[in-house]
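S.K.: Next come the chains, spelled out residue by residue.
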Amino acid sequence: MALPAFAGASAPATGRGGAARRSGRVALLLLLPGIAYLLLFFLAPLLSLVMTSLQSPSETVFGQYDFTFNWANYLQVVGQYGEQIGRSFLYALLATVFALLFSYPLAYFLGVNLRGRPILQSLLLVLVVAPFFISFLLRTAAWKQILSDEGLVVSTLKALALLGPQDHLTGTPIAVVFGLTYNFIPFMCLPLFTTLERLDLRVVEAGRDLYGGPFTTFRTVTLPLSMPGIVSGTLLTFIPAAGDYVNASSQFLGGTSSTMVGNVIQSNFLVQLNYPAAAALSILLMATILVIVGVYVRRSGTEDLL
Amino acid sequence: MARGLFAESGADLQLVGIRKEFPGFTAVEQLDLTVPAGTFFALLGPSGCGKTTTLRLVAGLEEPTSGRILLGGRDVTDTKPHRRPVNTVFQSYALFPHMTVLENVAFGLRRRGIDDPLGKARSALRLVELDALADRKPAQLSGGQQQRVALARAVVNRPALLLLDEPLGALDLKLRRQMQLELKSIQSEVGLTFVHVTHDQEEAMTMADTVAVMNRGRIEQIGSPEEVYELPRTAFVANFLGQSNLFPAVVREAGDDAVGADVAGHRILVPRSRAQRTEGTITLGVRPEKLLLLTEEPTPIAGINVLGPGRVTDVSFSGVSTQYLVEVPGAGTVIVFAQNLVFGPVVEPGADVWLSWRVEHGFGLADAPRGSALQQAHEALVGGAET
Ligand SMILES: Nc1ncnc2c1ncn2[C@@H]1O[C@H](COP(=O)(O)OP(=O)(O)O)[C@@H](O)[C@H]1O
Ligand SMILES: [Mg+2]
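From first to last, the protein sequence lines are chains A and B.
Each residue of the first sequence is one higher than the last, beginning at 1 in this note's numbering.
Each residue of the second sequence is one higher than the last, beginning at 1 in this note's numbering.
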């Protein structure tokens, strides 16, 4: 009696093991294109970038660079462009904060107040995304026009004496941060919306029932529950904003006093043809962002997002 | 926040002419009730009858369309929920998913700046036997455990009024009985006022000092569990709280003590004090366990009603009692619960029997069962009387 029972018990076990091994192989097969893609288009260029950042000018051919493990490139770019690097992170931080302050009430309205009205909700969501239908460059150029010295904004501010007669908006840090904020608002708004759309209002009611006033309940219940949206929104804004080179470019909203690291990299790569410096700056930017994001995500308690 | 608001003992709750309309739907039609301080009040009714809405109105999470809410004599109709000394155990638990169990329970204490919130929260968790799980997140608990956390989170605040929205619904029978006793002892110990919503009539009757039976946004009857059970006033109450046999009857004589009516050709008496109406077509009722099965026609005795003969159509054994279905011509199917004093059924299906009960066990309803021909006649009568 016991033997068949054991046999019966062991048979399905081996069957399951075999199935697991088989499904593991299938998963690997399905992942193969993705892995190949990452190796080819991410890891290889990254390695090439690291190699480039360690080159030094060729002693024989002018304009050529040779691989020499020249770590001094990094020290040199930090010394030379430290100001632009710091500025980039400051501007990106400001733009992220402003975009968050602007987007949170908007996303809350869309995701919570308009819950019972799907048509109005979709309509307004389309409006949030609508700017994407026009090129990012065109929109930024349009803002350059609007904020130009002849534009309505500057003349109004001058009339109100908020701006001196010799002052400008374009070319100033204000215009650059404004442009960054404007351009990344949809990236902030959409993740916030998806989180707030799913916010369980019964839990918020429980907060009010348990003696939490409107502000306290917001701080202790609503805000912590919106963290996933806030973290993804701020990352989607901060990371590209820190490396942005369009808004701060002097052809758009920036000037010499508001140059960001993206502009420096661009000019080193494309104008000065100083590839090692450009590559070193890129690697530095990437590494710094990685560290900042890591610390931020850890501190905000949303590791499961990564 | 005004600390003085939070009384050491329960406060009485008064609802005056409360009505709540949602767009296109009236959830609460007309509610007038008083819950005395320190009592255990059960609001009993079927799903969708407006129980949750009533609690939300009292908690301040919903505004009444009209009417006033008074707590301890103070009008709180326009008071914000966080300023009312009221806590709710929500039907959906509504635990804070981002906090540990302990922080959930300490939440209300922290908001009011009470000393040692974590210590008090721990002892509240001990009360519901969950102190071992204090550091877990709500998502790591079973439904029943979450419900007990919700209970601890509300009770720990010692509110003057505790609202419980089907708080034991997710528990298995054993834990449920245990929690019923627990709740009852918490209530009497701290002297708080409990308003307990349930659709379980047994739970309402075993726990409450006062039961209110609610139907379609109205309260049909309020009273002690015995009162409401023994003397239901409407067909809904008669059948929602336990089971009843209801017979259409035409009043023939209305004396000082009793009302005599014709039920399928039999003269049935009901005490005048137990009859809501004393003329025209009425509905008489009697509880199945009050009926006696007789195999021979009894000789008429004063104070005993007899119906029959009828034919037994079904016998089903349920442990402590046996349920017999008896078809009485003209009166419909009658249910009889007989205690199992002997082994096996007293009669077999197909047997002819007579049913008897004491006059003082019968009752006369104010209305008739819905959808019956009797009800239509009744509505015509009452409608005519009211206009
Ligand atoms: N916000 C609302 N809008 C519209 N109808 C509602 C709303 N809340 C509840 N109702 C309706 O009111 C009725 C009573 O609901 P509820 O009080 O939750 O019943 P119960 O708790 O007794 O099951 C239900 O028919 C429900 O659909
Ligand atoms: Mg309910």
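Just so you know, these hints were derived from the structure itself, not from any lab.
Some clues are possibly wrong.
As the list claims (entries may be wrong) - Capping the alpha-carbon separation at 25 Å, the derived lysine to any residue pairs in SDA-like fashion look like this:
#	chain 1	residue 1	chain 2	residue 2
1	B	K290	A	T222
2	B	K80	A	F215
3	B	K80	A	V112
4	B	K137	A	R298
5	B	K137	A	T216
6	B	K80	A	R298
7	B	K137	A	L114
8	B	K120	A	R219
9	B	K80	A	T216
10	B	K174	B	D200
11	B	K137	A	E197
12	B	K174	B	V320
The model shown is predicted, which means the values in this text are computed figures rather than measured ones.
S.K.: Go through the numbered hints given earlier and state which of them the structure violates, listing their numbers in rising order.
M.R.: 1, 6, 7
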